[in-house]
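S.K.: As a plain string of letters, each chain reads:
Protein chains: 2
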Amino acid sequence: MTKIYRLDPNRVEENNPLDILAEIIEPEINLVNQIILKETENRVSLIPKLASHIISSGGKRLRPMLTIASAKLCQYSGNRHIRLAACVEFIHTATLLHDDVVDSSNLRRGVKSANTVWGNESSILVGDYLFSRAFQLMVSDGSIKVLKVLSDTSAIIAQGEVHQLLTKNDLDTSEDTYLDVVEAKTAALFSAACKVGGIVADRKITDQNSLESYGKNLGIAFQLIDDALDYSATSSKLGKSRGDDFKEGKITIPVILAYRRGDSEERSFWQKTLVSCKQNQNDFDHAVMLMNKHNSIRDTIKRAKHYGDKAKDALAIFPNDRIKEILINLVDYCIKRDK
Amino acid sequence: MTKIYRLDPNRVEENNPLDILAEIIEPEINLVNQIILKETENRVSLIPKLASHIISSGGKRLRPMLTIASAKLCQYSGNRHIRLAACVEFIHTATLLHDDVVDSSNLRRGVKSANTVWGNESSILVGDYLFSRAFQLMVSDGSIKVLKVLSDTSAIIAQGEVHQLLTKNDLDTSEDTYLDVVEAKTAALFSAACKVGGIVADRKITDQNSLESYGKNLGIAFQLIDDALDYSATSSKLGKSRGDDFKEGKITIPVILAYRRGDSEERSFWQKTLVSCKQNQNDFDHAVMLMNKHNSIRDTIKRAKHYGDKAKDALAIFPNDRIKEILINLVDYCIKRDK
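If you read the sequences in order, they're chains S and U. Quick note on this note's numbering: the first sequence kicks off at 1 and runs consecutively. Quick note on this note's numbering: the second sequence kicks off at 1001 and runs consecutively.
Heads up, some of the hints might be wrong.
[What the hints assert, rightly or not] Straight-line C-alpha distance at most 25 Å; calculated PhoX-like pairs for lysine-lysine: (1) U:1305 / U:1278; (2) U:1339 / U:1247; (3) S:148 / U:1168; (4) S:145 / U:1339; (5) S:168 / U:1145; (6) S:145 / U:1145; (7) U:1168 / S:49; (8) S:148 / U:1148; (9) U:1038 / S:145; (10) S:38 / U:1038; (11) U:1305 / U:1060; (12) U:1112 / S:148; (13) U:1049 / S:168; (14) S:168 / S:272; (15) S:293 / S:310.
To be clear, the hints were calculated from the coordinates, so they are not data collected in a lab.
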């Protein structure tokens, strides 16, 4: 059996809550990985090949870990969360496959993206397959409540992706509109991943909503940091090409802030590079310079912290325990990450 | 409200079972259309625009009609079949959107395909959205049985699409392998559309299986005729470009028969055009000539009739009534169609 994920003791950073969590829930995550491998087995060999390429390529497994951790926070003692965590990861992976086609991305997590290796057609269709598999897993769980949360979430994600496509190359996109996109395309799945943990534990609605709110705000913070990293990280750490958002004309918060705070000459620069898509070799560095001038990266991180604070407060109603502590530390970790 | 479908009295061909069925189940189909319109409403305006382009572009509405007709054949008197018929059409539409991207098709039902008008990215993402919407509709129906049938079907369709991609440009594809593809990519949804009618009517498993078998065999016959039409129809009737399969190097039954029955010179021609993808202006006409020489089209239709006969026999256990008669006539209609 191909190994998808194993905690590498040499990799554990001190005080890295993701590693600490991975250590605590290792048995559950191993079971999740087993399900993922089993469910992608197929006599059409391209399916397991392509699926394992993207699933095994060193993703953080953040979303299924959130499902497991949320269920644990709710003292859940069954095993339904395992299958549903796999299902959340399948939805995420299907989205990534389609994202890379839509964005014409060549790199994902430091390796060639699936569409680069097998072509766009394969990525589209295997994405559809994984998405269907996600639904099969939910159906085999049998809870209409969970099915409702995850099918609603899938529709919201797709709507967010379409919405993002419309904001591309559109410098009139407001910060609020962009936040709508972020809530839909990223935060909705974080939110659902956490809520599902509360549903399987049969927790009262207030608790489920708190988990939902934690996931949503963590998801927004996570995406804002992602957007900041596209202008500030080093490519080797990022695992994808730095400046990809810029090249594709994506209008993210760092751009929105720099554009709105800039003078008319600077705005012309943003128009030329992101709307007319005329980019020279030094334009990306100039963009970063303008962002630094207007503190766009700093303030994007500040915005992320705002949502991070909301995420932490959402967990206040849960009694203090080790998992809650880790989930709270995870917020700061997601904000401080450099990849 | 945009009109999606209305039976045009001038369009009714005498003895056309599809028109006769459309007339009988017009109230139900109107309700299906209302659901389709309502469910594609979205503040992200590209979604309803693109969705209505493909949904309103004069498709036969064959699959949702099969759900309604199957439920009627089972004397079902509720209204669950309406929503599920819409759900079946959503799955079909999502598949078409992705198909057109994968096949780089420019025409669909005689008009520009959605990817030609709005780009591949939009078609991929709105396809994902419609697919998610289909699941939301199933979930709102609330039956795990139906959810199982339709989520299994979605996975089978996606698997069939990937499988088809692998048979592209591969003249070693056997007739049986190609039939596997057809069963998955086309017949599975016909089959599920019919079975769902039996499930909502709470019919015994034998009846459900008979409907499943009717749909499956009708679906295979339907696809084989589609494949024959790509080499024999006139473009204006076909609503897509004649010869598209040839241009794309798709290995369908007419090709498989002509290739296997041909001499070494003819096989070199098929290798050059479909494997090496070197096609000259007259190659398509030459391909059609070779097919006529070896009776490939005639025998593809013969194969289709074989499955058509199985479809008709599958309905034998149902008492003779008007709907059964129409469903049986529909088989011959699908085989004799010229578009």
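S.K.: Work down the list of hints and note, for each, if the structure agrees.
M.R.: Here is what the structure says about each hint:
Simply put, residue 1305 (chain U) and residue 1278 (chain U) have alpha-carbon atoms about 34 Å apart, too far for the 25 Å limit, and the pair is violated. For the proposed pair residue 1339 (chain U) and residue 1247 (chain U), the alpha carbon gap of about 19 Å is at most 25 Å, so the pair holds. At most 25 Å may separate the alpha-carbon atoms for a hinted pair to count; residue 148 (chain S) and residue 1168 (chain U) exceed this at roughly 38 Å. Between residue 145 (chain S) and residue 1339 (chain U), the direct Cα distance comes to roughly 44 Å. Violation of the 25 Å bound is thereby established for this hinted pair.
Taking the CA atoms of residue 168 (chain S) and residue 1145 (chain U), the gap is near 41 Å; set against the 25 Å cutoff, the hint is violated. With a CA separation close to 16 Å, the supplied pair residue 145 (chain S) and residue 1145 (chain U) stays within the 25 Å bound. Annotation: proposed proximity of residue 1168 (chain U) to residue 49 (chain S) holds, straight-line Cα distance about 18 Å (limit 25 Å). Pair hint residue 148 (chain S) plus residue 1148 (chain U) holds up; C-alpha atoms about 15 Å apart against a cutoff of 25 Å.
A distance of roughly 23 Å separates the Cα atoms of residue 1038 (chain U) and residue 145 (chain S); the hinted pair therefore holds under the 25 Å criterion. Only pairs whose Cα atoms come within 25 Å are accepted, and residue 38 (chain S) paired with residue 1038 (chain U) is rejected, the gap being roughly 38 Å. For the given pair, residue 1305 (chain U) sits about 21 Å from residue 1060 (chain U) by alpha-carbon distance, which is consistent with the 25 Å threshold. With a CA separation close to 35 Å, the supplied pair residue 1112 (chain U) and residue 148 (chain S) exceeds the 25 Å bound.
Annotation: proposed proximity of residue 1049 (chain U) to residue 168 (chain S) holds, straight-line Cα distance about 18 Å (limit 25 Å). Restraint check for residue 168 (chain S) and residue 272 (chain S): the C-alpha separation of about 14 Å stays at or below 25 Å, so the hint holds. As the CA atoms of residue 293 (chain S) and residue 310 (chain S) are separated by approximately 29 Å, the hinted pair breaks the 25 Å bound.
Against the hints set out earlier in the document, violations occur for numbers 1, 3, 4, 5, 10, 12, 15.
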